[in-house]
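Peer 1: Build out the structure end to end from the sequences listed, making use of the hints.
Number of protein chains: 2
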Amino acid sequence: MTLQEDYDTLLQKNKKAIIYQMIQAQLGWDFETYMPSKGGQQRSMQFATLAADIHKLMTDPTIGELLNSIKNDTNYYSLTEAQKRNLFLIEKEYNKQTKIPADLVKEIAKHQVVAIETWKKAKAEKNYELFKPELKKALDLQKQRAHYLDPNKHPYDVLLDIYEPNMTSAMITDLFNELKEGLVPLIKKIRSAPNQPDTSFLSRNCPTPIQEKLAIDLSNVVHYDLDRGRIDTTEHPFTTGYYQDVRITTHYYENEFDNALFSTMHEAGHAIYEQNLDEEFMYQPLGQASSLGIHESQSRFFENIIGRSPEFWEYYLPRFKELTGDIFEDIDNEKFLHAINHVKPSKIRVTADEVTYSLHVIIRFEIERDLSEGKVTVDELPLIWNQKYKEYLGVDIEDDSEGVMQDTHWAAGLFGYFPTYALGNIYNAHQFHVIRKELPNYDELVRTGNLKPILEWLTKKVHKPASLYDPADLMQQITNEPINTKYFIEYCIKKYSQLYGF
Amino acid sequence: MTLQEDYDTLLQKNKKAIIYQMIQAQLGWDFETYMPSKGGQQRSMQFATLAADIHKLMTDPTIGELLNSIKNDTNYYSLTEAQKRNLFLIEKEYNKQTKIPADLVKEIAKHQVVAIETWKKAKAEKNYELFKPELKKALDLQKQRAHYLDPNKHPYDVLLDIYEPNMTSAMITDLFNELKEGLVPLIKKIRSAPNQPDTSFLSRNCPTPIQEKLAIDLSNVVHYDLDRGRIDTTEHPFTTGYYQDVRITTHYYENEFDNALFSTMHEAGHAIYEQNLDEEFMYQPLGQASSLGIHESQSRFFENIIGRSPEFWEYYLPRFKELTGDIFEDIDNEKFLHAINHVKPSKIRVTADEVTYSLHVIIRFEIERDLSEGKVTVDELPLIWNQKYKEYLGVDIEDDSEGVMQDTHWAAGLFGYFPTYALGNIYNAHQFHVIRKELPNYDELVRTGNLKPILEWLTKKVHKPASLYDPADLMQQITNEPINTKYFIEYCIKKYSQLYGF
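For the record, the sequence lines run as chains A and B. When we follow our numbering, the leftmost residue of the first sequence carries the number 1, and every step to the right adds one. When we follow our numbering, the leftmost residue of the second sequence carries the number 1001, and every step to the right adds one.
These are calculated hints, taken from the structure and not from any lab test. Just so you know, these numbers come straight off a predicted model, no measurement behind them. Hints should not be assumed to be uniformly reliable.
Using 20 angstroms as the maximum straight-line C-alpha spacing, the simulated EDC-like pairs for lysine to aspartate or glutamate come out as follows [to be verified]: (1) A:LYS213 / A:GLU256; (2) A:LYS38 / B:ASP1278; (3) A:LYS56 / B:ASP1060; (4) B:LYS1038 / A:ASP30; (5) A:LYS136 / A:GLU125; (6) B:LYS1038 / A:ASP278; (7) A:LYS13 / B:ASP1053; (8) B:LYS1038 / A:ASP232; (9) A:LYS452 / A:GLU314; (10) B:LYS1056 / A:ASP60; (11) B:LYS1038 / A:ASP227; (12) B:LYS1452 / B:ASP1225; (13) A:LYS38 / B:ASP1227; (14) B:LYS1038 / A:ASP225; (15) B:LYS1213 / B:ASP1198; (16) A:LYS16 / B:ASP1053; (17) B:LYS1153 / B:ASP1227; (18) B:LYS1038 / A:GLU279; (19) A:LYS38 / B:ASP1225; (20) A:LYS84 / A:ASP8.
Peer 2: This is the structure:
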């Protein structure tokens, strides 16, 4: 076969795996939304069959042979950069899939089920001791996995790379230390500012049908294309799908309209990323989103940078009031904006505000890193967790269910995943800094609800390049400087000093 | 490998294909219900990939080798009847899949798309000439397909066997001739009876939310398990799924409440069949429904035999009135029952009543049969169609869109499919005859809404045996006599002479 034929064969094989993953995602969506309550066992069987076949497709020895043949071809230099990137990504994934012994893969899958079940029980009973052995084992299995993937790298760096390619523990430590230094004093200032918001109107009853209309209207405003998407409800909101069919979910609480409103903006941000990938690279490795952190940068761009900005509400509050009838007619712009930007250190990550959120993530990162390096043990976790919450957020944790056991991630073996949440904020504040330079009328665009040019900028700079670069390189391309936290901290200081008047 | 190992390997291979078919059905359900409008192209790609893989699984030469090895094993006699039946069904399917050249399979698939598109256009334009060449080709391709499947049998018998195993053109001709002889004069009597129903209340406005409640309530009454099913809406109602997850759809028309009501009963009947298959034979060939005709016997059992009976409405009308508020409070039992059993010869099959329906099917069967045998040509179809409608139903067809082009089946290449619709009526009237003998309190059970014993009878006699027998043999097992039309004709005469008073 010629070089081109080898390349095409390889891409075709990869495409098939991607199609199966799309099918898997579709079945997963149905599982979370409309599947009958007793359909689980049958669905598990479908998932297991697909997973086994995807694994088989991805570990097909022909992939290794084709990669070798291509790399040794005298015409290799004639490939485009995009083609080389595809080959790099295929090889990386192939190594990831083939280097881990099948027995370990099975053990991890089996233990995940047990650990999540135990975590649920332990959390309900506020009994960390029950969860501890399973957490220990989950960590141990992930360390083994990391060792197989790359015995020469530190295990935590190997795990980080799965979720945020090429990002290291050392880089994140530096970024997060800067963030802490900037945010901890800012939060103290905010908390002691005299100008605290009145948030009472947020709990006024807002019927679900009105909230549904709001969700659709907001989707249209931010150009989340509902002809290629849809909004359903699940307990925990999520986004799933690819390009022509990207669906989001939300959850309507009648006495917390802001919950669905911002979760819709957040998930729409994720969906917009997937909907605006480059058609040219569809179903290719480089046509997949760059990383979880970059994904989060897009969701939080729409949720926070746009969605909680004074400019946006200058445009949207009248429309919001029109859609909600007389419920909020007495609320003015200033009052609304301050309430939706209420900063309040709390124990729970998922409901945290824009400023304190990163600290929740930093705590988890520091613990994960130190656990992986053996500097702390699973036994000490509750103590360390509670100390850090006191130190960074000034919050007292009363029991481990609202402390170290609040998230499912560790039970699921997801070590290295948490940092991506805060990286999203760092990335998008930096994108925001550049976009304002490159679109000098940015504020005016938002104030008039004309988000199209902003979407086009994000599409050109972030969505279309997709996986052409690792996240740090992509950010360098966009911003012309290395990733840093300066812009996020500056953004927070400017925004919140105005809101809280200090 | 031992005989048992060979057998297990074979069943395991087959199970995988069944799981993929379940996934295919799930994606099909989503396609019809919730898929975003622009998700079609991506979904097609998923369908094509799955279809190719299912075909590969089903034509795997190992299947042929395993079948041979098992048949030549000296211990073959030690297999159970059920195991032998599985082997028979696997071999039959394997032959069906492998005997047709890949080129013909592709040509049929390709032509189907063209023919359906052309049919839609021709139907909209009332232009049969446009559709004619595609119809000719569709028929020709199916004849070729039949020839490859079995060159020694008449092509139409080969096609019939796909939808109704082992049923022949000669058998159906006899049954349908009897049916015609019984029904044509009956319809004349009904039409000339002085006691015609007042159907005007059927078009009273009945809001969708009320109809939705009715659909759920009726599902519960007939024991369609909504923990393993659900009801959504599509233009054309259908049932899809298997055992733990069997979903139905309906369509709510606010001025035609009876439409959704009886379509729900109909589809619930299909769903009940799938939900009550034998757990022992799950994911095996013999754990699949017996045939389309037997399937239709179950849907029409719930729609007509129960759902349009005086006994059922004696029980359900008070409940119906409770759920519909004051909309129908002035309608008494007799008036209601007569209206929902209104017999009126019409041009359109899908909206036909219980008595005239079979004649619509018989017309299509006679045309298909004569086409396959070369006794009529595609050029003559409109003329023959219109003559038969006049002769059997006394109806004048004004244009071919409401005549020979009304159904999509022929465009889709489905020759041999139509007869199963009328066979369903013949089968279930016969089941009804036996069930009343074996459950002497049948009428009382229906009158009190206690359908459980009836469901159990159907489950034992029809659902659980599933594909253990071909339909004619299954009916023989249930009724102890060969299939005949006597019971359906008697049932119609008794019911309608009472309703129309002759």
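Peer 1: Does GLU314 (chain A) lie within 20 angstroms of LYS452 (chain A) when you go C-alpha to C-alpha?
Peer 2: Judged against 20 angstroms, a Cα distance of about 17 angstroms means the pair holds.
Peer 1: LYS136 (chain A) and GLU125 (chain A) were given as a pair; does the straight-line alpha-carbon distance stay at or below 20 angstroms?
Peer 2: Satisfied, since the Cα-Cα distance of roughly 19 angstroms is no more than 20 angstroms.
Peer 1: Given the hinted pair LYS1038 (chain B) and ASP278 (chain A), is their Cα-Cα distance within 20 angstroms?
Peer 2: Cα-Cα ~17 angstroms, so holds.
Peer 1: Starting from LYS13 (chain A), check that the Cα of ASP1053 (chain B) is at most 20 angstroms away, please.
Peer 2: At roughly 13 angstroms apart (the allowed maximum being 20 angstroms), ASP1053 (chain B) and LYS13 (chain A) satisfy the hint.
Peer 1: Checking one constraint from the list: CA of LYS1038 (chain B) to CA of ASP227 (chain A), max 20 angstroms. Satisfied?
Peer 2: holds (6 angstroms)
Peer 1: Is the Cα-Cα distance between LYS213 (chain A) and GLU256 (chain A) 20 angstroms or less?
Peer 2: holds (15 angstroms)
Peer 1: Taking 20 angstroms as the top limit, are the C-alpha atoms of LYS1153 (chain B) and ASP1227 (chain B) close enough?
Peer 2: violated (45 angstroms)
Peer 1: Quick one, are LYS38 (chain A) and ASP1278 (chain B) close enough, alpha carbons at most 20 angstroms?
Peer 2: holds (17 angstroms)
Peer 1: Mind checking the alpha carbons of LYS1452 (chain B) and ASP1225 (chain B) for me, to see if they're no more than 20 angstroms apart?
Peer 2: The hint holds at about 12 angstroms.
Peer 1: Taken at face value, is the distance from the CA of ASP225 (chain A) to the CA of LYS1038 (chain B) at most 20 angstroms?
Peer 2: holds (10 angstroms)
Peer 1: Quickly compare the C-alpha distance for LYS38 (chain A) and ASP1227 (chain B) to 20 angstroms and report which way the hint goes.
Peer 2: With Cα atoms ~6 angstroms apart, LYS38 (chain A) and ASP1227 (chain B) stay inside 20 angstroms; holds.
Peer 1: So if I understand the rule, the pair passes when the alpha-carbon distance is 20 angstroms or less; does LYS56 (chain A) with ASP1060 (chain B) pass?
Peer 2: holds (17 angstroms)
Checked against the numbered hints above, the structure breaks hints 15 and 17 and satisfies the rest.
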